[in-house]
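Engineer: Spelled out from the first residue to the last, the chains are:
There are 2 protein chains.
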Amino acid sequence: MPAREDITYWGAGPALMPTDVLQKAAAALINYNDTGLGIAEHSHRSQHATDIINEAKADLASYLSVPTDKYEILFMQAGGSGEFSAVVYNLVGAWVQKKKAAGASDSDLQKAVLSLKCDYIVTGGWSEKSYKEAGRLLGEEHANLVADSRKSSSTGKFGSITPESDWSLTSEAAYVYYCDNETVDGVEFPAFPESLKPKADGSGPIVVADMSSNILSRPIPVENYGIIFFGAQKNFGIAGITVAIVRKDLIPQPPPALMRKLGLPIPPIMLQYDSIAKNNSLYNTLSIFDVYIAGQVLKKLLSTYPNKVAGQAEVSDKKAGIIYSALEAHPDVYKIVPAQNVRSRMNICFRVTKGADVDAAEKAFLKESTALGLTGLKGHRSVGGIRASAYNSVPLAGAEKLAAFINDFAKS
Amino acid sequence: MPAREDITYWGAGPALMPTDVLQKAAAALINYNDTGLGIAEHSHRSQHATDIINEAKADLASYLSVPTDKYEILFMQAGGSGEFSAVVYNLVGAWVQKKKAAGASDSDLQKAVLSLKCDYIVTGGWSEKSYKEAGRLLGEEHANLVADSRKSSSTGKFGSITPESDWSLTSEAAYVYYCDNETVDGVEFPAFPESLKPKADGSGPIVVADMSSNILSRPIPVENYGIIFFGAQKNFGIAGITVAIVRKDLIPQPPPALMRKLGLPIPPIMLQYDSIAKNNSLYNTLSIFDVYIAGQVLKKLLSTYPNKVAGQAEVSDKKAGIIYSALEAHPDVYKIVPAQNVRSRMNICFRVTKGADVDAAEKAFLKESTALGLTGLKGHRSVGGIRASAYNSVPLAGAEKLAAFINDFAKS
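For the protein sequence lines, the chains are A and B, in the order given. If you use numbering that gives the first Met the number 0, the first sequence closes out at 411, no skipped numbers anywhere. If you use numbering that gives the first Met the number 0, the second sequence closes out at 411, no skipped numbers anywhere.
Each hint should be verified, as a subset may be incorrect.
Because identical chains share one entry, a pair is satisfied inside a single copy or across any pair of copies.
The calculated SDA-like cross-link candidates involving lysine to any residue, where the alpha carbons are at most 25 Å apart (straight line), are [unchecked claim]:
1. Lys362 with Pro330
2. Lys366 with Asp50
3. Lys377 with Asn53
4. Lys277 with Val382
5. Lys362 with Ser45
6. Lys334 with Val357
7. Lys353 with Ser411
8. Lys23 with Asn53
9. Lys97 with Gly138
10. Lys377 with Ser42
11. Lys377 with Asn278
12. Lys128 with Arg380
13. Lys317 with Ala403
No wet-lab data here; the hints were simulated from the structure. Nothing here was measured: the structure is a model prediction, and the numbers come from that model.
Turn these sequences into a full structure, and let the hints steer you where they fit.
Structural biologist: Rendered as structure tokens:
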């Protein structure tokens, strides 16, 4: 029976949660704020629920510096995969809406639809899934593959980001999409892509980023984005809610009849940002318990780091730095999966190449690390290897412990 | 500070939960099965998660007698409102798929689509929302209003069910939809509708029922249905998961390109039953914590009632009977909202007509009942009045306490 305090869990998500947050949540589940009722029993229309939602939104905006005059923070359901679809529906709708507002007739719109493109930069399994969902919902001819890092890599595998000079962006795309951190191979964009930056006159593409696995871990230039979304279960809380930060002008949708006439898809009501925004995320029954937990995570971050997300970023850099350094110190024993310039701070993926039998070496690595309380280190089922997910709840001491083990294992 | 044991909560959902289930869940949140990790931290791909899902499915099938050779039990996300859309996508897809399997050419299908109808029986706010979603996604001409109980009522309000002899069913409808229990006005179908029953040769309409608010409270003739769905947060658990029980032959979908050609909508991946079924409800990260809670609710029901849901049905009948009898004993003080033959066992809706000022009388009723620990009795914001939601977790003793108060208040 391992004790909680002896374990550092490195799973890729659902992820480790701060123990004190779980303890508070457990108490609130039975009796919230001395009301005699649990937080999951109170009505989502109660003042308790409204306060929890509004506080979580305000704390998220504060921690990440989201300009709330220009952006809505929405609590959605159905996870990151739900957002893969929501992005398509809502931004194609916004694309039509904008042309309509500029005076386009229905026949102008019908012509424009023929060349409708949604741009996708594919750097791993998640952005690829999202790209495929756009093709499924719109027709493959409308989903443009800006870059696929398998194609630009000598290995034919994910693990890099195609140089921006080789991206084939569409000039009038409805939006450009990328995944800021790919968890399977540990590929993270080092910074906001140069070629997607707004021009001096403020014009530029509508940029969408999936930040499910690195949100709250470094500052974000929010105003460069149309939509930022993330599932809760890595750095924000537990599975069950998804957040979309959406630029307000992209929210209104054209009438369904027009979209049908144009042969374009209409969002189901639960994936329509407009219906969620108009109801302060309560179009239907949201899990207020999940929002409460995320709110507690934010309060803990805000009280830990006076300089907010920049404070967490320093710690995240440090944790990743310690582990990558330990791996680099033994190039004969470990092979880091991603290219150096795109190494993820969140998911540190490597192979154990000690000896002839990689499989046996990795099994030994996992067995010995688990015995030390370093758990959840097995790589994604699709690629194998080792993956250490250093999400926000993994403490610096945990990273030091793992680095020490990496060293010891190499020497043994 | 009210103590939990002194409160009987009558809220319409999220609803009261069994205290022991919440206590188990609170412990599991911090340390699940002595693993040293909480249930919401373990991977949804772990054996723990698989076991929790499979046990909950098996227990649900056992409790409700679901023939699992013919039906899939799916854990979905996005709530009942998500299912309003999912039903349209998946059953229109199944309608196309069936015609295609019978040899229809694309041009046959294009002709058939012109007369595509989805039948909706509207008996309250929830079935109305679902009807509107079908019209939004397909075009209003494809959503057929079989009956609207406001139109067949002398009051012009919900509170009854249009007699079946006045229903305008479509002979070749893709499906027929109704809401088994409407929470706002307290209208429940007394039994499976006669005119939707399968014929002797087994043929009959594909019937869909929203059972969000009365599931697990009475036996269901599952084989009469194509789809039964329900949100968890009334009788099954806490908000965050939704269950769809779907007849297996209705799950496969036509290729997206064909649906686009026919001008019909394609489900977003998270609302496509096929993708959820193929992944044992784990297409993406489901809240295993929510499934765990529902599983514990089922285990409690199964251990309480040797004759399974029939046992709960007796208790539900008894609770509702006690409360309705108390109200009927004072016809000058209380007016029950729904017609006698469709009174909900789950949501008991009434007005307090004592004296000239209904509003003042209802305020007094709420104030005095709350003081006694009978809370959450306020009617839905759209209609006012009093609503006592006697969901499964409300004990018989709670119903007796409320009935006694109804009596006392009338006499005072």
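Engineer: Does each hint hold? Answer for all of them.
Structural biologist: These are the hints, each one checked on the structure:
Taking the shortest alpha-carbon separations for Lys362 and Pro330, only the intra-copy value of 19 Å comes in at or below 25 Å, while the best inter-copy value is 75 Å. Taking identical chains as interchangeable, the C-alpha atoms of Lys366 and Asp50 lie at most 25 Å apart only when they sit on different chains, with a minimum of 23 Å there against 46 Å within one chain. Within a single copy, Lys377 and Asn53 get their C-alpha atoms only as close as 38 Å, which misses the 25 Å cut-off; across copies the closest is 24 Å, which meets it. Taking the shortest Cα distances, Lys277 and Val382 sit within 25 Å of each other only across copies (21 Å), while inside one copy they are farther apart (42 Å).
When the C-alpha separation of Lys362 and Ser45 is checked against a cutoff of 25 Å, the pair qualifies only between copies, where the shortest distance is 18 Å, while the shortest distance within a copy is 51 Å. Proximity of Lys334 and Val357 under a CA criterion of 25 Å is satisfied intra-copy only: 11 Å inside one chain copy versus 76 Å between copies. Proximity of Lys353 and Ser411 under a CA criterion of 25 Å is satisfied intra-copy only: 10 Å inside one chain copy versus 85 Å between copies. With identical chains, the CA atoms of Lys23 and Asn53 are at most 25 Å apart within one copy only, with a shortest distance of 19 Å there and 29 Å across copies.
Taking identical chains as interchangeable, the C-alpha atoms of Lys97 and Gly138 lie at most 25 Å apart whether they share a chain (22 Å) or sit on different chains (23 Å). For the homomeric pair Lys377 and Ser42, the shortest alpha-carbon distance between copies (11 Å) is at most 25 Å, but the shortest distance inside one copy (40 Å) is not. In the homo-oligomer, the alpha carbons of Lys377 and Asn278 lie at most 25 Å apart only across protomers (21 Å), although the nearest pairing inside one protomer, at 41 Å, exceeds that limit. For the identical chains of this complex, Lys128 and Arg380 are intra-copy neighbours only, at 16 Å inside a copy versus 41 Å across copies, given an alpha-carbon limit of 25 Å.
In the homo-oligomer, the alpha carbons of Lys317 and Ala403 lie at most 25 Å apart inside one protomer (15 Å), although the nearest pairing across protomers, at 65 Å, exceeds that limit.
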